[in-house]
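A.B. asks: Residue numbers (this note's numbering), protein chains in the order written: chain X, 17 to 299; chain Y, 17 to 299.
The list treats identical chains as one, so a pair stands whether inside a single copy or across any two.
The calculated DMTMM-like cross-link candidates involving lysine to aspartate or glutamate, where the alpha carbons are at most 20 Å apart (straight line), are:
(1) K37 <-> E273
(2) K204 <-> D245
(3) K37 <-> D245
(4) K44 <-> E109
(5) K44 <-> E147
(6) K161 <-> D142
(7) K205 <-> D115
No wet-lab data here; the hints were simulated from the structure.
There are 2 protein chains.
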Amino acid sequence: MTIAPLIESISINKVFGGWHKQYSHHSKTVNADMRFAIYLPPQAINGRKVPVLYWLSGLTCSDENFMQKAGALRIAAELGIAIVSPDTSPRGEGVADNDSYDLGQGAGFYVNASQAPWSRHYQMYDYVVNELPVIIEAAFPVSNKRAISGHSMGGHGALTIGLLNPERYCSMSAFSPICNPINAPWGKKAFSAYLGKDRATWQQYDASELMGKARKFIPAKVDQGGADDFLKEQLKPETLEAAAKMNDYPLELTIHEGYDHSYYFISSFIEAHLRFHGEHLDR
Amino acid sequence: MTIAPLIESISINKVFGGWHKQYSHHSKTVNADMRFAIYLPPQAINGRKVPVLYWLSGLTCSDENFMQKAGALRIAAELGIAIVSPDTSPRGEGVADNDSYDLGQGAGFYVNASQAPWSRHYQMYDYVVNELPVIIEAAFPVSNKRAISGHSMGGHGALTIGLLNPERYCSMSAFSPICNPINAPWGKKAFSAYLGKDRATWQQYDASELMGKARKFIPAKVDQGGADDFLKEQLKPETLEAAAKMNDYPLELTIHEGYDHSYYFISSFIEAHLRFHGEHLDR
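Taking the hints into account, I'd like the entire structure generated from these sequences.
C.D. replies: In structure tokens:
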């Protein structure tokens, strides 16, 4: 028996023959209200159960950035793929926060926080992996075939979640991911706050560490701008590539000369990511 | 002799093999600093002079909305068309403003204001028609082939400017334009403020009035969402269509069922607009 989850509609827009919809709902996992957006392609409206690409956004973003700026919905409509874009953290009064842009609200880093005051709400790993797909698969005409992708902090989220759950995702990809957060300022700051001082715990959320040790593989695609201001200090794709090589992990990693960290970069290459996931979701 | 205009770079992003660039410059026409964005497709970087589509945005927008949300740059890169997106008004301290979203800064309505306090800066018609193209054609590798398009208030701007200057533009198009501002609340409010009480002056900036009287025609394409909240009271495409029929004006007007006033609508149909302009710019 499926009990329809209590999700509340915020907005709806027709786009490329399908529908972009925003919802809020109370999440038991993060113990707060969460917001997400879903794009349902025309095939879903015409009665077919479509696979789902989960998109995890970067620092300061909400469910809206990808849906509005990536230019992905045209291709999702063509391929018949739903896209789900959760918010990047719980928000609102009573949810712990920090003045900086890279910690607290808008910066959940897709981990399960163990440290006060964060642990009460910042359980974004469990929310994305376990709670959200149950809601999506109960409330919308989608199958249980899933792929995962994201940008920057969300690229870190997509890769770590894909690497830790190869049985749940057909494929994973990322734009400009934080590939080695345990050795990058953004990651060190967030992991210290959310996970405490034990670096062994941090390694459980580090894509390079996980890719070097993975035993079950899923197809992985990463694109990175060569003119990205965060490339050397924060993102470290070379560390991910080295881990993949060492472990024979099937990673396609490309550096695109001249492109930066923005959605202008994402929009230029999102079509290839959707077609990549489309191939693996079809199998 | 061409004197390079003094334009100051604000930002630059590589996108679809070309470049999105933002600039500010002092405008003699509006007597204030203005901002614009330009997309230069790969063909322009490779030494070809490309034609230019001018995009006029709607109320509250800046140069950024279209460039970030429309999904137009992919097709501009394919077709070799530059896109120029000016701001919707002068801005800043010393520029007259109003507390409402539909008058003053962000709401220039692409007219030449004759009334105080607006007349000192709000000369957006002359800025778009006369000053901006001179700057663009001096500073960038573009030809003098021009098309014009826009959304809502900017759709009104694109149609009126195209109708008043058929020798300057190869084609014009609009999404959800304010087709008959002299009979719509947005238009009445703005025209009263900027142009005063004389309705004969208002008619010079009304697309339906102008399309009904035009003697020289350029190809015109209008798309309108059928679920647009502003359709009946503010936009009135039926008035434009009636004027076109009366005057045999070559207008392609389509109502798209279910689509609203947002960039989700624009992104769904922008490709057809760029291909439309591409055909006429090529001749």
